[in-house]
Amino acid sequence: MPLYSSEAIVLRKIDYRDADRIVTFLTPDRGKLAGLARGARRLKSRFGPYLETLTHGTLIYYDREGKNLIHVNHFDILHSFRKLREDLFRSASGQYLAELVLGLLPEREAAPETFQLLLQTLDRLQKGVETEPILRIFEIRLLVLSGFAPRVESCVRCGGQAAPFGFSVEQGGVVCRDCRSSTVAGVRPVSRGVLRFWEQALALKEERFDRVRLEGKLNRELRDLLHHYYRHLLGREIRSFVFLERLRKEIAGLTPQRENGTQ
Amino acid sequence: MEASSLNRLIEELKRLPGIGTKTAQRLAFFLMKVPKERALGLARAIEEVKEKVRFCRRCGNLSENDLCGICSDSRRDAALICVVQEAMDVLAIDRMGEYRGVFHVLHGALSPIDNIGPDELNLRPLMERLEETEVREVILATNPTIEGEATAMYLARLIHAKRGIKVSRIAHGIPMGGHLEYADEVTLSKALEGRREIQ
Ligand SMILES: [Zn+2]
Ligand SMILES: [Zn+2]
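In order, the protein sequences belong to chains A and B.
Under numbering that gives the first Met the number 0, read the first sequence as residues 0 to 262, first letter to last.
Under numbering that gives the first Met the number 0, read the second sequence as residues 0 to 198, first letter to last.
Mixed in with the good hints, there may be bad ones.
[As the list claims (entries may be wrong)] Below 27 angstroms or equal to it, Euclidean Cα-Cα: the simulated DSSO-like pairs (lysine-lysine) are:
no., chain 1, residue 1, chain 2, residue 2
1, A, Lys204, A, Lys82
2, B, Lys13, A, Lys66
3, B, Lys161, A, Lys248
No lab work stands behind these hints, which were simulated from the structure alone.
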């Protein structure tokens, strides 16, 4: 049985049988991989306490031909993103990222760029002052990396540039002023600001991340649009997104100090 | 030999957690060989549990009555509530014999991706308890997993917003990713002792 080693981020864990876990990882070279971790729920498990959602580590595993699940042999931690876990919004945001990756990526297909994107975004989430721009940039970049990016540079129907644009989930991109009238239902208005931020999110250089600003109204418009689009792609509601929304409404108002990323 | 009833027993045993085919076969053969009274005793015990045991109206713990043994024990400090994820955790903490407060069982932890949000947990009864009774301190003893931590942070916010109840979190004698039910008594006792207040 061949033994493999790879960097990995834990995306999800499901309790299995008495003390085992089925863990889904994101790896650079083989993308999304699900594996059986025997005894992972025991306190003195050989995996240590680190086989937890959103930990980054080195995964050692067996992969038997014809089996769907890999066999997790070892997982050594590199980053636990502790600060992220210790904040309700950041923790929920991290889990939301994991849900998007889980929903969008196929199994066992190399995804080195998506891996880097998730790793960097988790790090930004625990360090950054504002979490909302970080989430929007991730959502936009993940669409491009996974091949599901909508067309936003010009009209999907005629290639034209006549503003104001609308956005059609069904057509997979923006629709110009002229084509809007002939396109049936489901076209929502989209502002210039949204399209400008979209472009910016894709072009942004690493060192400029901290300086990105996203004004509240624009953020809400972008957030709604992306949520709508992801829901269409996944064919279901994004549960962690709904939970984040609930936290914003229910919790943010309870404390005097403003919670990060609740604008 | 026609042994379909034996096969049925093996199949039923295999559905139990931690029981594979081999163990199921061994147990089934054992039950076949023991005196009838002993085997039927097991069957009756299962039947009784299923008929009698339900959740305590106040705390969500397992109980044969409307209120569980802990909630109806007047020597217990009802102003100190320890919040846990599962009824198994009540057993684990009570086994130490040091904790004199009462409990609240959530029956899970927040895990949006698994469709477990605040409404899926036994939360509302806890908030009602805090309204209706005099509570001094709430100890959040959810597991030190990402879900358990999120649940503790969420609860801390809700309780702080309501009124001036002290909210504390058990110390991390239990490593991240661990489950309370697997912790030994010394670890658990230290975790409770070393709890810190959440501001
Ligand atoms: Zn057009
Ligand atoms: Zn009770």
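Status of the hints after comparison with the structure:
1. A:Lys204 with A:Lys82: The hint holds at about 24 angstroms.
2. B:Lys13 with A:Lys66: Roughly 22 angstroms between the alpha carbons, so the hint for lysine 13 (chain B) and lysine 66 (chain A) holds.
3. B:Lys161 with A:Lys248: holds, 16 angstroms
Going through the hint list in order, the structure satisfies each hint without exception.
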